[in-house]
Amino acid sequence: MSEFFQKEIKLKARPRGFHLVTDEILEQLKELRHFKTGFLQIFIKHTSAGLTINENADPTVREDFESHFNKMVPEDQPYYKHTLEGSDDMPAHIKASLLDTSLQIPITNGKLNLGTWQGIYLCEHRNHGGSRKLVLTIMGEK
Amino acid sequence: MSEFFQKEIKLKARPRGFHLVTDEILEQLKELRHFKTGFLQIFIKHTSAGLTINENADPTVREDFESHFNKMVPEDQPYYKHTLEGSDDMPAHIKASLLDTSLQIPITNGKLNLGTWQGIYLCEHRNHGGSRKLVLTIMGEK
Amino acid sequence: MSEFFQKEIKLKARPRGFHLVTDEILEQLKELRHFKTGFLQIFIKHTSAGLTINENADPTVREDFESHFNKMVPEDQPYYKHTLEGSDDMPAHIKASLLDTSLQIPITNGKLNLGTWQGIYLCEHRNHGGSRKLVLTIMGEK
Numbered sequence: 127m128s129e130f131f132q133k134e135i136k137l138k139a140r141p142r143g144f145h146l147v148t149d150e151i152l153e154q155l156k157e158l159r160h161f162k163t164g165f166l167q168i169f170i171k172h173t174s175a176g177l178t179i180n181e182n183a184d185p186t187v188r189e190d191f192e193s194h195f196n197k198m199v200p201e202d203q204p205y206y207k208h209t210l211e212g213s214d215d216m217p218a219h220i221k222a223s224l225l226d227t228s229l230q231i232p233i234t235n236g237k238l239n240l241g242t243w244q245g246i247y248l249c250e251h252r253n254h255g256g257s258r259k260l261v262l263t264i265m266g267e268k
Numbered sequence: 127m128s129e130f131f132q133k134e135i136k137l138k139a140r141p142r143g144f145h146l147v148t149d150e151i152l153e154q155l156k157e158l159r160h161f162k163t164g165f166l167q168i169f170i171k172h173t174s175a176g177l178t179i180n181e182n183a184d185p186t187v188r189e190d191f192e193s194h195f196n197k198m199v200p201e202d203q204p205y206y207k208h209t210l211e212g213s214d215d216m217p218a219h220i221k222a223s224l225l226d227t228s229l230q231i232p233i234t235n236g237k238l239n240l241g242t243w244q245g246i247y248l249c250e251h252r253n254h255g256g257s258r259k260l261v262l263t264i265m266g267e268k
Numbered sequence: 127m128s129e130f131f132q133k134e135i136k137l138k139a140r141p142r143g144f145h146l147v148t149d150e151i152l153e154q155l156k157e158l159r160h161f162k163t164g165f166l167q168i169f170i171k172h173t174s175a176g177l178t179i180n181e182n183a184d185p186t187v188r189e190d191f192e193s194h195f196n197k198m199v200p201e202d203q204p205y206y207k208h209t210l211e212g213s214d215d216m217p218a219h220i221k222a223s224l225l226d227t228s229l230q231i232p233i234t235n236g237k238l239n240l241g242t243w244q245g246i247y248l249c250e251h252r253n254h255g256g257s258r259k260l261v262l263t264i265m266g267e268k
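Residue numbers (the numbering used here), protein chains in the order written: chain A, 127 to 268; chain B, 127 to 268; chain C, 127 to 268.
There's no promise every hint is true.
Where chains are identical, the list cannot tell them apart; a pair therefore holds if satisfied intra-copy or between any two copies.
[As the list claims (entries may be wrong)] List of simulated lysine-lysine pairs, DSS-like, C-alpha gap at most 25 Å:
hint : residue 1 : residue 2
1    : K133      : K259
2    : K156      : K138
3    : K268      : K171
4    : K136      : K259
Please keep in mind that the hints were generated in silico from the structure rather than gathered at the bench.
Extracted from the complex, chain A is given alone in its bound form:
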């Protein structure tokens, strides 16, 4: 029979950039082991930081993400009107929508069914974004 489980957690503050947070999330989700099948939703309650799933091994992948997103969504463009909150703010909103506000990951036998090279990234687009709030929702069968 299917069941729902939901909790809110916080991720510690991180500098601007792409950060692997799979372990920090799983440490706060011990309930996962009880679900045989289903999926986990991770939802970030912010509009200037995002989530994505990508390569979990080489840290330079995350550095290249930051370099490329800064080129693709540059600061201080002449057409930006929303500038009061700093030059990192409007690009942060755009980057957040290019990446994900929520991730949905299948659960199989009490674990996230990720590929070998997949990890969860927090994409922090503000220079000083502070701690970030997540809502974790599991829908599954025990």
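Chain A is already provided as a structure; the job is to place chains B and C on it using the hints.
Structure of chains B and C alone, referenced to chain A:
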């Protein structure tokens, strides 16, 4: 016990641009209040308009989104082959895939558990897109 | 009463580009017809290929996607540090995060409730990506 609820709704036609539609969706989803926990999926049945979650307060954020997406995915590129439906068509398809075809939002105590600054955007990429169809699906516990 | 169904499938190897795979997935998901309502999640277990939903009719749309993504996320940029796996590798990771790692599609009366023009794309970003693994999870009512 978990239950499913599903309905199709229409959003009224809007001009090209990014539009806050949280209230227009919630007005057509009175059933939400009965769900204690779970999540809402919003699925758009189109390939030239999309959805995203972003800043719900300052209208210039939505204007800057439109400016930036027009720069990042310009019209009339020499490599476009799909041009018969107008110069806004192929960029509309690409923008739709850069943003979201579906949103999944956690439900907590009968309400969408959005962050303070989060709202739902309809991203209308056609000059004359017309009314847009959404499928709303709730999975949750009452 | 809600039920979960889950299986892993493989998509055959394809060349770099955007490919319509709706039929290849549905042929391996005969169980879909038993679900009256709910939704299907399609999750790709890779970080250099992605999924999206877009136009299912004109093949030049998929060609234009490939052209535009190659321009928006070019190879051989001077700021790339992750270069050991070939010049198509780092752009592949970035493209994968710009598109989707998972799709969620509503189910209505035993069928995917897609719009008339919507199809499922495999977005193959490597020159030789090989076969790609998907996890299919249905949550629904029979």
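These are the hints, each one checked on the structure:
Taking identical chains as interchangeable, the C-alpha atoms of K133 and K259 lie at most 25 Å apart only when both belong to the same chain, with a minimum of 11 Å there against 30 Å between chains. In the homo-oligomer, the alpha carbons of K156 and K138 lie at most 25 Å apart inside one protomer (18 Å), although the nearest pairing across protomers, at 36 Å, exceeds that limit. Taking identical chains as interchangeable, the C-alpha atoms of K268 and K171 lie at most 25 Å apart only when they sit on different chains, with a minimum of 23 Å there against 28 Å within one chain. Taking the shortest Cα distances, K136 and K259 sit within 25 Å of each other inside one copy (5 Å), while across copies they are farther apart (32 Å).
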